[in-house]
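Enquirer: Following the hints, complete the assembly by docking chain Z onto the known chain C.
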Amino acid sequence: MNCLWCHEELIMEVNWSNVTFPTKVQRICEICEKELVLLSGNRCRRCSRETESDVCNDCLWWENYHQGKDVIEYNYSVFQYTSHIQDIIAKWKYRGDYELGHIFEKTFYQHFQQTFKEIKNAVAVPIPLSSERIQERCFNQASMLTAFLPVRKLDILSRVHGEKQSKKTRQERISSENPFILHQTLNNPVILVDDIYTTGATLRHAARLLKKAGCTNVYTYTLVRG
Amino acid sequence: MTPKVKTTDRIPSQNLRQYAGKLLLQNEIPPELASHLTQIPSIKRKVLYHECQRCGNQKKFLFGTIPCAKCKKLHLYCRNCVEMGRVMACEPLYYWSDEDSIWTSYDSPLSWKGTLTDTQQKASDQLVAAIIEGKKEFLIWAVCGAGKTEMLFQGIEAGLKLGKRICIATPRADVVRELKPRIQEAFQKVPVQALYGGSEDKEGSSQLIIATTHQLRRFYQTFDIVIIDEIDAFPFHNDESLPFAVNRAKKERNTTIYLTATPRQNLRLRLALKKLPHTFVPVRYHGNPLPVPTLKICYSLKKSLRKQKIPKILLEWITNRKNQSRQLLVFVSSIKLTKDVKIFLQNCLASQLGVIVSVHSEDEQRVEKIELFRNKNIDVLVTTTILERGVTFPSVDVVVLDAGHAVFDEAALVQIAGRAGRSADDPTGDVIFLHDGKTDAMVQAVHSIRAMNRRGGFSL
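For the record, the sequence lines run as chains C and Z. Its first residue numbered 1, the first sequence is counted upward by one per residue in my numbering. Its first residue numbered 1, the second sequence is counted upward by one per residue in my numbering.
So here's chain C without its partners, still in its complex pose:
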């Protein structure tokens, strides 16, 4: 097997523990893996941002925006938004190199187990792409990430085509109309899955719909904290 990013050959160590209990294999070499930086240290309880305060100002603003009760319980992100991961994500998402998503498979699974294992009857809902965008890219990166997780996956959201989020400013993101449509009501706790948490506006649009439809708690799980 070769490293998905630098194409160097990977040599797997074979020992008793991985012969008897096969684990998820890492698809990236050690050097490339080292450049992926995990979020660590003190972080905002709500949005996973690295900060000294307990809840960051943005999250307080969101709480205020929703009259004292934010629509998401909390967001958990795995990686820092470094230029290295930015390159990987750009090639994965925009150039469409689908296989690159497997770089994150192991870590994304592990951190899910650490963070969301306690939640009973949870279902994972990926943030959808508009039908135009899916025609262009041929796959949904959030859906791919959701498939790595050991919980039930439900595609119950759809999205109206609009401009790319990454091209908008913070103000535009927050004030934009809700682009999502919910097709089914459910009363389980929901974990929304996406690749990047930047302002949290997209995820909160989706969360608001779910809450209205009767979901008890909405959590969000994202790969990168932008």
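Please note that a few of the clues may not be correct.
Computed beta-carbon distance windows for the label pairs [what the hints assert, rightly or not]:
no., chain 1, residue 1, chain 2, residue 2, range
1, C, Cys-6, Z, Lys-312, 36 to 46 angstroms
2, C, Gln-110, Z, Gly-198, 35 to 45 angstroms
3, C, Gln-110, Z, Leu-74, 46 to 56 angstroms
4, Z, Ser-105, C, Ser-158, 51 to 61 angstroms
5, Z, Asp-118, C, Asp-87, 50 to 60 angstroms
6, Z, His-36, C, Ser-131, 26 to 36 angstroms
7, Z, Lys-202, C, Asp-87, 14 to 24 angstroms
8, C, Thr-185, Z, Ser-361, 50 to 60 angstroms
9, Z, Ser-361, C, Asn-187, 53 to 63 angstroms
10, C, Gln-110, Z, Asn-247, 19 to 29 angstroms
11, Z, Gln-39, C, Glu-63, 54 to 64 angstroms
12, Z, Glu-28, C, Gly-41, 42 to 52 angstroms
13, C, Thr-20, Z, Lys-202, 48 to 58 angstroms
14, Z, Asn-238, C, Glu-63, 56 to 66 angstroms
As a list, the in silico DSS-like pairs of lysine-lysine whose alpha-carbon atoms are at most 27 angstroms apart [unchecked claim]:
no., chain 1, residue 1, chain 2, residue 2
15, Z, Lys-202, C, Lys-167
16, Z, Lys-302, C, Lys-91
17, Z, Lys-60, C, Lys-24
18, Z, Lys-44, C, Lys-153
19, C, Lys-91, Z, Lys-307
20, C, Lys-91, Z, Lys-70
21, Z, Lys-59, C, Lys-91
22, C, Lys-91, Z, Lys-60
23, C, Lys-106, Z, Lys-60
24, C, Lys-167, Z, Lys-73
25, C, Lys-24, Z, Lys-59
26, C, Lys-91, Z, Lys-72
27, Z, Lys-336, C, Lys-153
Don't read these hints as lab results, they were simulated from the structure. Keep in mind that this is a model prediction, so the values were computed, not measured. Backbone N, C-alpha and C define an ideal beta-carbon position, used for all residues, glycine too.
Expert: Chain Z alone, transformed into the frame defined by chain C:
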């Protein structure tokens, strides 16, 4: 120039020129045009492997499987050329055959007024003959600084007179950037486009094109004449997909011209077997021999590099150089070392040497820095092998630090030595290989430089 196209009523009257001879993805063409273009399968299944029909990739790990949302099937896509747009197994590749288009036959396209030396003229005549006869292949083996570009002019002129479509391909973007103005200057009436990653020209629709070999992946049976400059350079000789691309970009009846100063084993073998018509230009245009490198041993070389000190022997050499006004070009083996060496040269010798700058392939200002060095605004340039070939600085001394490193193979060392003494005003230059143990590559490099000098009639 616009090729005249036999337009039928069926084809929408669009600017077809930009599609002439191109190999395209479905999303690169307007949908209404799709039915008029020839379709070929994008990923071919062979007996034991698959082959991407755009880049020629056959490696299993460079194919990915994607659950395609468009065709709702699990199928292959090519990961090797994904940067140029994804090739999907469920979509064909399209090309618009260039056969119907007629390119302009120029009367006298060459506006260059310079003259060639006798040896250059001889090579140039042979090239012109090869192009007019329509020979399949022809090799020009010319030493570094022989004036290869000038020798091409009359050949290109002959091709343009016959109304041929010509491509000058080279593995390196730096060389494309340098060639573009020189070729455009020589052929002022002929539109010339330069294609490389991030170039301003994107269309690739002109009759005369200068391109990196990577860019030729976009073309399909288009060129009558392909001139491959620096055929032995990285990555052409160790990436099989590039010769694949070049071969496909040629028309069935074509002439391929190879240019090199340091032919590799495979070419040398064909030369020895007389399977490849060629001409050898052993003298530089100013008639002086190639500078022969001096090997200097320095036992503590690796240690000093680790401890960020300059080896003493290098210090001595720098202070005792014959011609202190020459600029200094220092080659090192890795990107990391460029910065280190720059810093410790600055610490020790800044007053003596002046402005010291480092450059490498990932440097954003690399183009500007090379330009500054050429204009003598920089005195010392510390570089990786990116500057080993295709660039001309008038008056430099050259140092290779740790010449025993694997990146400096024989071809690289001969090319590096060829950076010195390139102008007629200062036709000599010192070349120093600093090493901690001779390698075959170093010995071979010196040997072949001497051999070339002998063939040029110098008894050194």
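Enquirer: Hint by hint, say whether it matches the structure.
Expert: Each hint tested on the structure:
1. One distance hint, 36 to 46 angstroms for the beta-carbon pair Cys-6 (chain C) and Lys-312 (chain Z), holds here, with the actual separation near 38 angstroms.
2. Under the hint 35 to 45 angstroms, the C-beta atoms of Gln-110 (chain C) and Gly-198 (chain Z), about 38 angstroms apart, fit the expected range.
3. Checking the proposed 46 to 56 angstroms range against Gln-110 (chain C) and Leu-74 (chain Z) shows it is violated: the Cβ atoms sit about 26 angstroms from each other.
4. For Ser-105 (chain Z) and Ser-158 (chain C), the hinted distance range of 51 to 61 angstroms is satisfied, since their beta carbons lie about 58 angstroms from each other.
5. The hinted window of 50 to 60 angstroms between Asp-118 (chain Z) and Asp-87 (chain C) holds, with their beta carbons roughly 53 angstroms apart.
6. His-36 (chain Z) and Ser-131 (chain C) have their C-beta atoms about 28 angstroms apart, which keeps the hinted 26 to 36 angstroms range intact.
7. For the pair Lys-202 (chain Z) and Asp-87 (chain C), the supplied restraint of 14 to 24 angstroms holds, since their beta-carbon distance comes to about 23 angstroms.
8. Distance hint check: the CB atoms of Thr-185 (chain C) and Ser-361 (chain Z) are about 56 angstroms apart, consistent with the given range 50 to 60 angstroms.
9. Separated by about 57 angstroms at the C-beta atoms, Ser-361 (chain Z) and Asn-187 (chain C) satisfy the suggested range of 53 to 63 angstroms.
10. In this structure, Gln-110 (chain C) and Asn-247 (chain Z) break the distance hint of 19 to 29 angstroms, their C-beta atoms being roughly 47 angstroms apart.
11. Here the CB-CB span from Gln-39 (chain Z) to Glu-63 (chain C) is close to 56 angstroms, well matched to the stated 54 to 64 angstroms.
12. A hinted range of 42 to 52 angstroms for the beta carbons of Glu-28 (chain Z) and Gly-41 (chain C) is consistent with their spacing of about 46 angstroms.
13. The supplied range of 48 to 58 angstroms is met by Thr-20 (chain C) and Lys-202 (chain Z), whose beta-carbon atoms lie about 56 angstroms from each other.
14. A hinted range of 56 to 66 angstroms for the beta carbons of Asn-238 (chain Z) and Glu-63 (chain C) is consistent with their spacing of about 58 angstroms.
15. With a CA separation close to 24 angstroms, the supplied pair Lys-202 (chain Z) and Lys-167 (chain C) stays within the 27 angstroms bound.
16. Under the criterion of a C-alpha separation no larger than 27 angstroms, the hint pairing Lys-302 (chain Z) with Lys-91 (chain C) is inconsistent with the structure, at around 38 angstroms.
17. Proximity of Lys-60 (chain Z) to Lys-24 (chain C) is assessed by CA-CA distance (about 21 angstroms); at most 27 angstroms being required, the pair is judged to hold.
18. With a CA separation close to 35 angstroms, the supplied pair Lys-44 (chain Z) and Lys-153 (chain C) exceeds the 27 angstroms bound.
19. Proposed proximity of Lys-91 (chain C) and Lys-307 (chain Z) is contradicted: the alpha carbons are some 38 angstroms apart, above 27 angstroms.
20. Between the alpha carbons of Lys-91 (chain C) and Lys-70 (chain Z) the distance comes to roughly 20 angstroms, so the proposed pair stays at or under 27 angstroms and holds.
21. Under the criterion of a C-alpha separation no larger than 27 angstroms, the hint pairing Lys-59 (chain Z) with Lys-91 (chain C) is consistent with the structure, at around 20 angstroms.
22. With a C-alpha separation of about 19 angstroms, the suggested pair Lys-91 (chain C) and Lys-60 (chain Z) falls inside the 27 angstroms cut-off, and the hint holds.
23. For the proposed pair Lys-106 (chain C) and Lys-60 (chain Z), the alpha carbon gap of about 23 angstroms is at most 27 angstroms, so the pair holds.
24. Between the alpha carbons of Lys-167 (chain C) and Lys-73 (chain Z) the distance comes to roughly 31 angstroms, so the proposed pair goes past 27 angstroms and is violated.
25. Of the supplied pair hints, the one linking Lys-24 (chain C) and Lys-59 (chain Z) holds, its CA atoms being roughly 24 angstroms apart against a limit of 27 angstroms.
26. A threshold of 27 angstroms between alpha carbons decides the hint, and for Lys-91 (chain C) with Lys-72 (chain Z) the separation of about 22 angstroms falls inside it, so the pair holds.
27. Taking the CA atoms of Lys-336 (chain Z) and Lys-153 (chain C), the gap is near 46 angstroms; set against the 27 angstroms cutoff, the hint is violated.
This entry does not satisfy hints 3, 10, 16, 18, 19, 24 and 27, going by the numbered hints stated previously.
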